[in-house]
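**Student:** Protein chains in written order, with my numbering: chain A, -1 to 321; chain B, -1 to 321.
Careful, some of the hints might be misleading.
[As the list claims (entries may be wrong)] Here are the computed lysine-lysine pairs in the DSSO-like style, where the Cα-Cα straight-line distance is at most 27 Å: (1) 199/B - 308/A; (2) 93/B - 136/B; (3) 202/B - 308/A; (4) 308/B - 254/A; (5) 91/B - 63/B; (6) 139/B - 17/B; (7) 265/A - 91/A; (8) 202/A - 265/A; (9) 202/A - 254/A; (10) 265/A - 136/B; (11) 93/A - 141/A; (12) 91/B - 202/B; (13) 17/B - 202/B; (14) 308/A - 308/B; (15) 63/A - 139/A.
By construction, these hints were calculated from the structure, which means they are not laboratory data.
Computed from a prediction, not measured in an experiment: that's the story for all the values here.
There are 2 protein chains.
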Amino acid sequence: MTEAADKSAGWVTFDPNLKIVDCTVRDGGLCNNHQFADGFFKDMYDTCVAGGIDYMEVGYKADKKLFAGSGCGPWKYSDEDDIRREVGDNEGKLKLCVMADTGRTNPSDILPKSESVIDMIRVATYIHQIPAALEIVKDAKQKGYEVALNLMAVSTVPDFELDNGLDVVSKVDEIDYLYVVDSFGSLYYEQIGDLIERYAKTGKTLGIHAHNNQQLAYANTIYAAINGVKLLDTTMMGMGRGAGNCPTELLVGFLKNPKFNLRPILKFVQNTMYPLSQEVDWGYSIPYMITGHQNEHPRTAIALRDSDRKEDYVGFYDEITSF
Amino acid sequence: MTEAADKSAGWVTFDPNLKIVDCTVRDGGLCNNHQFADGFFKDMYDTCVAGGIDYMEVGYKADKKLFAGSGCGPWKYSDEDDIRREVGDNEGKLKLCVMADTGRTNPSDILPKSESVIDMIRVATYIHQIPAALEIVKDAKQKGYEVALNLMAVSTVPDFELDNGLDVVSKVDEIDYLYVVDSFGSLYYEQIGDLIERYAKTGKTLGIHAHNNQQLAYANTIYAAINGVKLLDTTMMGMGRGAGNCPTELLVGFLKNPKFNLRPILKFVQNTMYPLSQEVDWGYSIPYMITGHQNEHPRTAIALRDSDRKEDYVGFYDEITSF
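Looking at chain A on its own, in the form it has when it is part of the complex (with noise of 0.2 Å):
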């Protein structure tokens, strides 16, 4: 345990591969229908390249004719004119990805590379759905795309399923990068470390998308990081779906890597997270930590949350454990 300490102190803290993947208009997007106020995607665009961010997700690429007359913000669909309109041609460092939705994602409204400000195509998957996600995954590599896969919950996948679904992906050259998504915040470190392993045979560079149900995002992400995952999703403070994920800050202020900057994260935290954060409801609260608990998606805490018994723990509770 101090020789594995020794040696995180050193390349956890420097390693150059070492990415944070910023989720903040995608996965936060969730708790407002993307409808954010004018200037936050400029604002966070900008913290993002001062705080030394390598990539910024930013939003999905829904299909509108599934999603019509849903009410959603315009990054559920990231057009390519919303996103030039508010960063040019992105010159400089930060990357951008979106989010593919196996499933709610047309291909064809994916522009080839070279027409693109988008640099990685990230396809979130369930295991039933890999073969439709490969589809999307082959379409956006051959346009030129860096791609990300993303499998979605996969607590509830079987070790059988699981592993004959990682069999698949291993032969998917396409395939950049490999996601452990922990959707409902139900895994800790040993089980978090029992699916890198499996992930790792694949032959893929590994990320990790956490959940803060049990308030273990943070300590999933940095678990991981040591164990050698390279790509580390995060949200300003820990905006997202539910419980929220990794916050940004918290994940900055430990790798103490000197590409990355804490002061202009912060007070993007102080002067815009935190007044969104009161008005939506996100982050960690009991009945998240009892769908985490039981392994469920969070929409029935979600409901709970929206609704005007939003502290009524035991009658949640009740109701999540019934027969």
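Given chain A, put chain B in place with the hints provided.
**Tutor:** Below, chain B without anything else, positioned relative to chain A:
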């Protein structure tokens, strides 16, 4: 890692020697000067009994002469009469403990065990106070109590000092339990692991008391439990000084040991702790993250949170990191 997961799935969950010490009244009392509402203590006690908690810490055993006129509530002193008024003779499985701060405790205030409902004395000490602490330890053991030694602020103790201190501790048979205490909430799992290894060399049964400055109190506590630590400190809804502690409800939900019962704990959290959290400031916030990252005492962050600039993260960061 898979092997460890298999192992932990077995023994962590069911090991009857794994015990929860709820410190809400003692550590949480630091947030409100131990001024709890009428009925709080008894509800807390009943909740611990119903929840299967192993130990409840009733407060400090402070020397009244040193704290005269400080406006502290009764659980700063934990007089025998005050405890008995709430719990009678405490006939049941729940054990009671008090904390004796080295330099603030008069051993003559501690009755012989035969005259007391208290089961365990926890002696809190900084590294340089160990010789003074051992006087309280030996007195308490001679009087018939279980005795724990809580070595505070270990994150600031050089390894050389620590190993010498632990060597002294290892020779004192009167110590039943030795605590890893992360007073500043600055440690992550590898550092906890390193400390567990060092502390284990004393041959003592170990405990852990974590703070939540980096959202790691629960993560570090379950890591410790899986790595051989037996006494696990928690507080209801994490109520404790500054960023607070490992929440009792989170740990009880994780351990799954049939002796624990989450529902009465959730009921107390909902009806008593949540309303209290709207009046008294505790728990993770950015200023505590900053002192945690800096491995500093949280007193400056506590002062900030008690001022009219409690969300001035950047100003506070500039102060803390100025030369």
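**Student:** Output the indices of the hints that this structure fails to meet, ascending.
**Tutor:** When the structure is compared with the hints, numbers 1, 3, 5, 8, 10 turn out to be violated.
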